[in-house]
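Residue strings, one per chain:
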Amino acid sequence: MITINRRKLITASAVLAIATLTVSTVPANAFNPNMGSDPGITATTIKLGITSPLTGIASPGYKKIPGAMKAYFDYVNANGGVNGRKITLVSKDDQYIPTTAVAKANELILRDKVFALVGTLGTASTKALTASTQLSKRGVPSLFVNTGWSGFADKQAYPTTFSILPSYQMEAKIIGKLLKDQYAGKKLALIYQDDDFGRDALAGFKTAGVTFDTTIPYASGSQALPATGAGWITKLKAAAPDVTVFFGVSSATTALLGASVQGGWIGKTQFIFGSVGGDATTIANSLPALVPLLRGSKGLSFAPAPTDVNDEYIKLFQTIYAAAQPKETFDNNVVAGMSNAFLAVQAIKAAGKNLTRKGLIQTIETKGASLPHPFLTPLGYSTTSHVGATGYWVGTYGATGALTPDGGKYTVYTTDSGTGAVVESTYKRPAMPAKGLPN
Amino acid sequence: MLKKHPLVTFIFFGVVLYLISNRLDELLVYQGASVAIFVIAIASLILLTGYSGQISLGHGALMCIGAYAAALLRIHYNAPVWLTFVVAVLAAAVGGALLGLAAARLSGPYLAGTTLALAIGLPSIANKFSIFGGEQGISFDIGLPPASLGEDFTQYKWYFWISWSAALIAMYWLRHVLNSRYGRSWRAVRSNDVAAELAGIHVGRNKVLAFTISAGLAGLAGALLGMTISLVSPGVYPLLLSFSLATGAVLAGVTTLGGVMIGAVILVAIPEIALAIANRYGGSETIITNLPGLLVSGLLILTVLLVPNGPVEQMHARRAKHAKNGKASHSPVELTLRVGSKTFSTKK
Amino acid sequence: MSQFLDMFLIGISAASIYALMAISMVLVWRSTRVVNFAQAGMALLSAYLGYELVARTGNFWIALPLAMILGAAFSAFIEFFLMRTLLKHSNQGPIAAIAPIIATLGLLGVIRAVIGFIWGHGDVLLEAPLSKIGYKVGETTLFVGPMGLFVIAFVVTLLIVVTIVFQKTNIGLALRASAYAPEIAQLSGIRVSGIRTLGWAIAGASGAAAGILQTVNGTGVLTPESLEFSLLLVFGFIAAVIGGLESLPGAVLGSLILGLVLAFVQIYISGTLVFIVAFLLLLTLLIIRPQGFLGSKAGRRA
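Residue numbers (numbering that gives the first Met the number 0), protein chains in the order written: chain A, 0 to 438; chain B, 0 to 347; chain C, 0 to 301.
Chain A extracted, bound-state conformation:
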């Protein structure tokens, strides 16, 4: 009796398994990379996909990016599209967890059948989804990934992936130059997140030949504990550095600023915030009271400042975004998203009407560096490298959290992720095409 029931149970389980997994099924299709025309593209449409943290611990600030991208794509669509095609963006939430990122990337590639991925966020998530879905074998382009890990610029390892952000080593080297030029002989302190993100910066500082008198590492995640920020301030009080460099995430910046208020230690050191944690607008969104504390601190960026009303790209983006998302504030994240979208559209246009995945990748490699784009640094795309932006400009925060370039104009420094020197760039950004459209 019981044996029959057991068998029934197993069969039932198998049937249940198949049935459940077939809830949203698509007819079976053998994997065939040479299927004719690429998926995600028709004569009049092109489908792009993005997976990023829309919720979860990494979402503050970043969650605005897909919406910003969509705003720009809609603007282009309303004005004829690109080479006659309208762009759709499928956006998924991976909560900054690599396993989820892989699952969502699978959905985008296999179910939604997007033409290319754009703007995936996070080093671990991007690494995982690129490897697991075999992006290179499938030939799916992964454009302008939102992470500063230098490995993605390696064409051999990641043939279909293109970086956009300058790497953390580049950033550290540029800060290093700043320290040597303007703060030689001063006492230096460094607070950094004790994982590869922070240690990449350490490597960069080492290359730049900078030694810190005090280094304060913190365990990733511990910035949420009540005592952590206070601990940093105590140590800083004891060390009394002239300059303190901060390489952590935004939540750590918030903890630092909050603790400095508590400990009454404000204005005692020159803070320099790395681009990841220095996103004043993210802080402003959650804690407006802390923003004035940023005043006088230095920060880095490679795009024009969101408050720079004289910049033609900023003017355009502001107008577009205000119409598309009137309730949201226009900040760094919006600029980042719209810039990515802009560059993607330019690349697609340059690849021509006869658009293929291979063609797009080749176009970016050969012409990417000369495409119009909003960034203030040159792009390094070539047939041997997939490096995106290669430098930063340094600015100072005002009382409202706006970063204005030191010296009144953008002085951009460029370098590489290796041992190359940091040089002041003479790069002139190409003029924006009329109305910011791919004409």
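Keep in mind that a hint or two might mislead.
[As the list claims (entries may be wrong)] Only pairs whose alpha carbons sit at most 25 Å apart, straight line, appear in this in silico DMTMM-like list of lysine to aspartate or glutamate:
| no. | chain 1 | residue 1 | chain 2 | residue 2 |
| --- | --- | --- | --- | --- |
| 1 | A | Lys136 | B | Asp192 |
| 2 | A | Lys154 | B | Asp140 |
| 3 | A | Lys136 | B | Asp24 |
| 4 | A | Lys85 | A | Asp73 |
| 5 | A | Lys427 | A | Asp307 |
| 6 | A | Lys357 | B | Asp192 |
| 7 | A | Lys136 | B | Asp140 |
| 8 | A | Lys112 | B | Asp192 |
| 9 | C | Lys87 | B | Asp151 |
| 10 | A | Lys136 | B | Glu150 |
| 11 | A | Lys112 | B | Glu150 |
| 12 | A | Lys357 | B | Glu150 |
| 13 | A | Lys176 | A | Glu423 |
| 14 | A | Lys326 | C | Glu224 |
| 15 | A | Lys326 | C | Glu126 |
| 16 | A | Lys112 | B | Asp151 |
[As the list claims (entries may be wrong)] Computed spacing ranges between beta-carbons, pair by pair:
| no. | chain 1 | residue 1 | chain 2 | residue 2 | range |
| --- | --- | --- | --- | --- | --- |
| 17 | A | Ala202 | B | Leu89 | 44 to 50 Å |
| 18 | A | Glu311 | C | Gly119 | 30 to 36 Å |
| 19 | B | Leu197 | C | Ser192 | 33 to 39 Å |
| 20 | B | Leu143 | C | Gly119 | 40 to 46 Å |
| 21 | C | Ser187 | B | Ile168 | 54 to 60 Å |
| 22 | C | Ser1 | A | Thr399 | 31 to 37 Å |
| 23 | A | Lys357 | B | Ile74 | 28 to 34 Å |
| 24 | C | Thr84 | A | Gly150 | 48 to 54 Å |
No lab work stands behind these hints, which were simulated from the structure alone. All C-beta atoms in this analysis are idealised placements derived from N, C-alpha and C, irrespective of residue type, glycine included.
Given the structure of chain A, go ahead and fit chains B and C onto it with the hints provided.
Below, chains B and C alone, put in the same frame as chain A:
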């Protein structure tokens, strides 16, 4: 059939899976591999909690140990894939043994809390020592499927095969262990450890053994999970994973291995179902993100309330009750009494 | 020397937050012998309710007690509907030990999802009513300000009140009896189930205070996935265990120990070891003195 010919049943199931894998599209094949991984992980919890009565909220951490062991071996020594999995099992088993030794005297919430603290604390070790690759993790690439399987044999199908082979072998072996004297001694200790001790079972050793084997299985599942996403990093094994496993174990019916498929399938299927619901009724990203959590947690609470021993046990219990009711006319005890030349009997 | 003083004050401030959570966990344990892993979720919900109340009444000092009452009500509701049904259906077999734990885990998930639905995932800000800037003593600024001082005072008061209730009143006696020996308590005429609900209600109030005070004492930002709250749960639990899950003063003592040790590690050793040290502390204590510093031997087993 399972009881009489377990090997045949498992092989039969394996053949069914092989046939299925050829008919499904890639996304489902990938999810099928995930189901296999959850089957192993949940089974490890059934062993530990259902049979040995020790709760663990930190099995994600044990999976993590196995995964890192496998990935490191692969990256630094280019070890063959099967060896990496063996090492994953051993490394996690060692971790489990240590944890078991420390935890043998704990029970209930103390054990839960300790394993919880482990689940939170372990990833920070990965961040601390650069050999573990930090937040971005280490790649875990098992290579392409062998050429003998043909040009069209996709990577995900390969993962499916490997995961399910591992799952079937592990389940077969585990079933054997649970039906052996070890299984019985675990159940004895779980029911009443004082009586078990008196009966000659060494309680401490018994509990550590359970932890060790459970951890070994979890390590295997962890390595397989790393394989499917080609990455091993702290973010892959968050606290959420440990909670999901506990959930899956309860949904499966913590005391029986039979329901393990149900638990695994539900865990993998819920996000899909949530997505389908959200798409049907037009949902924002908020709903898509929150709905799976709500469904799983709600299901968990309902299960614990209504079918606490799991649907499988419930079915058995009901069957036993029906059987009993059907034979109500029989007396439970059959007596035959001979008095002199007369025979009195309750047999009918 | 000044660094030592800072460390000491930082440790105590942190300890006061852990203590609130630890007290509510001990309360639940002492009245129903369950560890409520959803405590953090309930604290989170109460914090959101506190935010709503502050937004509506404009006054933190009204909102705090109201939120505590709501927290108590919600907690009692959970005990009444969830826990009691649970005990009825699954008081046998291996599931008995873990069912409450699993159920509270499920509850945590449901609460998180509901918060996400209602308040969305945007940041929500709860303003502190008192200044967080440290008091100045001569030249130096101490690391505790009016807000921090309030939290410490609140914890001490709560501890005293609850201890008095537990040790000196009939209700307290009923609470303790219902947990230790429910059948005998029932025979003595105590309505055990009602008393258990009361225990959860008190714990709910304490948890609500923990959630709100932790938020305003920190950055003031609330999100459904607040890392702060997950850590609060674990560290509150560790503190409770160190002091002895049976003992309310133990909860505070355990929090002090945990807070000071972690502050010491943060400042004098390395900030990267906090989680590992916390785990080792828990493990060591469970091995050498499982009943905690102030617990009695009998109460360790589930």
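- [ ] Please write out, lowest number first, the hints stated earlier that are contradicted by the structure.
- [x] 1, 6, 8, 9, 17
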